[in-house]
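J.: Those sequence lines, one after another, are chains Y and P. Quick note: the first sequence, position 72, residue 72 per the UniProt record's numbering, numbers continuous. Quick note: the second sequence, position 16, residue 16 per the UniProt record's numbering, numbers continuous.
One or more hints might be untrue.
Claimed, not checked - Calculated lysine to aspartate or glutamate pairs in the DMTMM-like style (CA-CA distance at most 20 Å, straight line):
#1 Lys780(P) / Glu536(P)
#2 Lys500(P) / Glu63(Y)
#3 Lys797(P) / Glu100(Y)
#4 Lys51(Y) / Asp553(P)
#5 Lys12(Y) / Asp791(P)
#6 Lys552(P) / Glu30(Y)
#7 Lys372(P) / Glu406(P)
#8 Lys790(P) / Glu99(Y)
#9 Lys516(P) / Asp85(Y)
#10 Lys73(Y) / Glu509(P)
#11 Lys340(P) / Asp392(P)
#12 Lys797(P) / Glu18(Y)
#13 Lys537(P) / Glu14(Y)
#14 Lys104(P) / Glu250(P)
#15 Lys797(P) / Glu99(Y)
#16 Lys790(P) / Glu14(Y)
#17 Lys537(P) / Asp15(Y)
#18 Lys790(P) / Asp15(Y)
#19 Lys73(Y) / Glu511(P)
#20 Lys653(P) / Glu770(P)
#21 Lys790(P) / Glu7(Y)
#22 Lys581(P) / Glu536(P)
Quick caveat, the hints were computed from the structure, so don't treat them as lab data.
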Amino acid sequence: METLLNEVFVAKVEDLPEKIGKTTVVGDLELAIFKLDNGKVHAIENRCPHKGGVLAEGLVSGEHVFCPMHDWKISVKNGKVQEPDVGCVQTFEVAIKNEEVYVLLPE
Amino acid sequence: MAKQKLVLIGNGMAGIRAIEEVLKLSPEKFEITVFGSEPYPNYNRIELSKVLQGDTKIDDITLNSWQWYEENDILLYPGETVTVIDKDRQRIYTDKDRQVDFDKLIIATGSVPFMLPLPGADKDGVTAFRDIKDCENMMDCANQYKKAVVIGGGLLGLEAARGLLNLGMKVDVVHIADYLMERQLDKTAGKMLQSELEEQGMNFLLEKQSAEITGQDRVEGLKFKDGEEIEADLVVMAVGIRPNISLAKESGIPVNRGIIVNDYLETQVPNIFAVGECAEHREMVYGLVAPLYQQGKEMALKICELEGEGYEGSVLSTQLKVSGVDVFSTGKINEDEGTKSIKVFDDWKGIYKKVLIDDGKITGAVLFGDTKDGNRLLSLINKEAPIEEYTDTDGADAAGTNLVAEMPDEEIICGCNGVTKGTIVESINSQGLSTVEQVKGCTNASRSCGGCKSLVSELLEHTLGDEFDQNHKESICACTTLSKEEVVEEIKAKGLTHTKEVMNVLGWESEEGCSKCKPALNYYLGMLNPKEYQDEKQSRFVNERLHANIQKDGTYSVVPRMYGGVTNSNDLRKIADVADKYEVKLIKVTGGQRLDLLGVQKEDLPQIWSELDMPSGSAYAKGLRTVKTCVGADFCRFGTQDSIGLGVRLEKKFEGLNTPHKVKMSVSACPRNCAEGSVKDIGVVGLDGEFEIYVGGNGGTHMRKAELLSKVKTEEEVIDTSAAFLQYYREDANYLERTSAWVERVGLDQIKSVLSDKKTFIDLNHRMNEALSVLKDPWKEALEDQNILKDLYQNVKVPSGSH
Ligand SMILES: Cc1cc2nc3c(=O)[nH]c(=O)nc-3n(C[C@H](O)[C@H](O)[C@H](O)COP(=O)(O)OP(=O)(O)OC[C@H]3O[C@@H](n4cnc5c(N)ncnc54)[C@H](O)[C@@H]3O)c2cc1C
Ligand code: SF4
Ligand code: FES
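Same shape as in the complex, but just chain Y (with noise of 0.2 Å):
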């Protein structure tokens, strides 16, 4: 089945605090975005599956945040909880162009 995406722009790549997530209300969405070391930019789920902490202000280390609620380990790649907690919160494609960052959102 096709799904239909959708460009949405967020906000420039400048403009993004490094290894501090930007918590990014789409609508009824709310995202965590994070702008990584290595550059790269990533956005998941502002939710964590243990009891819903604000993933958007947890610690960022590498490719994971840690929940601010509970401590658990989350991959901002992948939103794969990490051992030894299960679960996983949903991720975003992301795209760069012109310095600008956007989400792809399904429809």
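Position chain P with the ligands relative to chain Y; hints supplied.
T.: Using the frame of chain Y, we list chain P with the ligands on its own:
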């Protein structure tokens, strides 16, 4: 303020050490001028023996280079002698017609060697053994002549004799008593020493009284009272020293055997101090460096107008610096009625040990052949320890290294330079030292008399040995095998400046650390280098990054500061207005006596702060939270102290401070302790005329009752003691270790003993003040910085119509 003029007469070991202490305490307070008769910078007189014995070169015994004087802005007049002190005008005059005014004057003119007034004592080839000139003189002489006579079988004489042997001369040692070093050793040890030295090639003439030095212009021999005569090309007089007090005496400063000083090393003339071998304290004149250094410390405090305990005299210990001979003596050396002793005598191995006991306490010791226990005995004597403390661990010394393992960190290993076990271990670890020489270079331990060399090498063995045993230590997180101590040492040693650098340089297993080590490293870096370190927001837990407390639903709570739990109608009104305007869900009085506004949206935080216009209460921080106070003297019928006032002062002083974990304090005004000091990290209880300071309490998950740290008289002392305690905690505890756990781990006795050292106490206070000096109110800082506002508090909102 204009600097005070501090003048030092005597560029020797005691005087310059005292100046170093002054510089440590108040680097900016004085304009310092130093006069020294000798044309050198300050050198290590003790090492002249080693120079003579060929172990060291004259160039290597400089203690403070010319550059040191320059760097510290000290005006040095080498080769210039002070001739007059005008004590009324506070001015000195020199042999180069210079006159200098002073506000404070230190006399540290040392000693002059005592020269026997024998006929012929003025001939060429007769010398003392006191300074570089004498030393060079002897070395020259050894090039041309064969036969030396040393008069004096004490420490100095024997060290000179050993040197002259090394220089290829034949040496006779003439001594008036019937055994060697009779003032430091008993007869058994003295005789053992003699036979040892005879084996090394010395010849002894005991119970001999010199009568005349014979020869034309130059010495040719020495004649004794009994008529006997021996040949000599060189005569070294090492029969004693006399405090060099002529200048003081002529200037009208009261002297006895030495210049009379009190416990603060003040002479009887205002603003004039004396320190070192020229000073006489409680009728004692000292001729070894350890006491002089202790004097210097106390004097420096006085000169800097800081409070000290005063100098109370020293227990002496002696060690002979002749290789191949281990002799040590300290305290009382000969038995009398009532003295008991422990003696071990092993003629075969050449080991003799005697420990004297009076009234169950160790009062002195003589060791020959095996001097490992020396420093420990000295410290037991200083502590007035019961003999059991020595005998109970005596069995362990067969294993040697156990001895150093048992020593507490603050035990002095090198008495001359006051270097503790802790310092040595730390530098071994942090600088990767592996030889005694390196330890000497880094810490000064064993740099003077060298008597502690064996202890230093045992410490090395002990410390390095442990390193193989990685299991015992706790690493700070799974990203590394290093412990907190090791990380901190590496940061210091390598001058690391940010978390990522620490991780890279120290080989972290994960590239960017984890939620445990990032905040910990951020804390350690800031603690070590408060002035330069740039706090990393991304290494802080959300509460500390946003300066508000995150709640389970992702909203925040805001706690304005309310010093000492005191508020007023204006603040209450503002709080009420803000609560209305931003639809705060709940207002709650917290356990720490303040108001908590719960359920605030992140984006509203900056606006709320600006409308409250109150400082942040740091209710979320790993830092000082509140100082809970009772009502106190003004209102309560039991109160004896102004608990509210003191609580406010404490809170104002420490607000915003970063600590390894949260810190809560309280002040109560009487023993009823209404502010519940027994469950606080620091709980102050005011009594009539004094305060009790309790520490290490915790009312949280791990209930712990606070213990009494100290009793003090004034509010100032409460503040300084709290600062010293907190700073020690900041430096020593692991990140996220509450004071309760820390106090339990290191022990209250250890903390007390660290804080009881005046210098450490002051240093801790200095470092605390440094840390406090850079703090800003985080709410205000955020409000003033657009970048912080944008990066941390604004969300991105994409209107729903855009896709
Ligand atoms: C060979 C030798 C070995 C020693 N071994 C040991 C040892 O193993 N352990 C130990 O603890 N101690 C030892 N000592 C003793 C130790 O060196 C002294 O206790 C210490 O140096 C005394 O320090 P001071 O500052 O009081 O005097 P000094 O170091 O003698 O300094 C006094 C200085 O004042 C200068 N001076 C005097 N009058 C004037 C004036 N009017 N104007 C300007 N300058 C003036 C002198 O030139 C001198 O440089 C040894 C001493 C010698 C000589
Ligand atoms: S601690 Fe003492 S002074 Fe303070 S409120 Fe309680 S009873 Fe009154
Ligand atoms: S809500 Fe994220 S770890 Fe519990």
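J.: A separate judgement is required for each hint: does it hold in the structure or not?
T.: Here is what the structure says about each hint:
1. Lys780(P) / Glu536(P): 18 Å, holds
2. Lys500(P) / Glu63(Y): With Cα atoms ~15 Å apart, Lys500(P) and Glu63(Y) stay inside 20 Å; holds.
3. Lys797(P) / Glu100(Y): 15 Å, holds
4. Lys51(Y) / Asp553(P): 9 Å, holds
5. Lys12(Y) / Asp791(P): Since the Cα atoms of Lys12(Y) and Asp791(P) sit roughly 13 Å apart, the hinted pair holds (cutoff 20 Å).
6. Lys552(P) / Glu30(Y): Holds, at roughly 17 Å.
7. Lys372(P) / Glu406(P): Holds, at roughly 14 Å.
8. Lys790(P) / Glu99(Y): Distance ~18 Å between Lys790(P) and Glu99(Y) Cα, so the pair holds.
9. Lys516(P) / Asp85(Y): The hint holds at about 17 Å.
10. Lys73(Y) / Glu509(P): 16 Å, holds
11. Lys340(P) / Asp392(P): 17 Å, holds
12. Lys797(P) / Glu18(Y): 19 Å, holds
13. Lys537(P) / Glu14(Y): Judged against 20 Å, a Cα distance of about 17 Å means the pair holds.
14. Lys104(P) / Glu250(P): Distance ~19 Å between Lys104(P) and Glu250(P) Cα, so the pair holds.
15. Lys797(P) / Glu99(Y): The hint holds at about 19 Å.
16. Lys790(P) / Glu14(Y): Holds: Lys790(P) and Glu14(Y) sit about 12 Å apart, inside 20 Å.
17. Lys537(P) / Asp15(Y): The hint holds at about 16 Å.
18. Lys790(P) / Asp15(Y): 9 Å, holds
19. Lys73(Y) / Glu511(P): 15 Å, holds
20. Lys653(P) / Glu770(P): Given pair Lys653(P), Glu770(P) holds - Cα atoms ~12 Å apart, limit 20 Å.
21. Lys790(P) / Glu7(Y): 24 Å, violated
22. Lys581(P) / Glu536(P): 33 Å, violated
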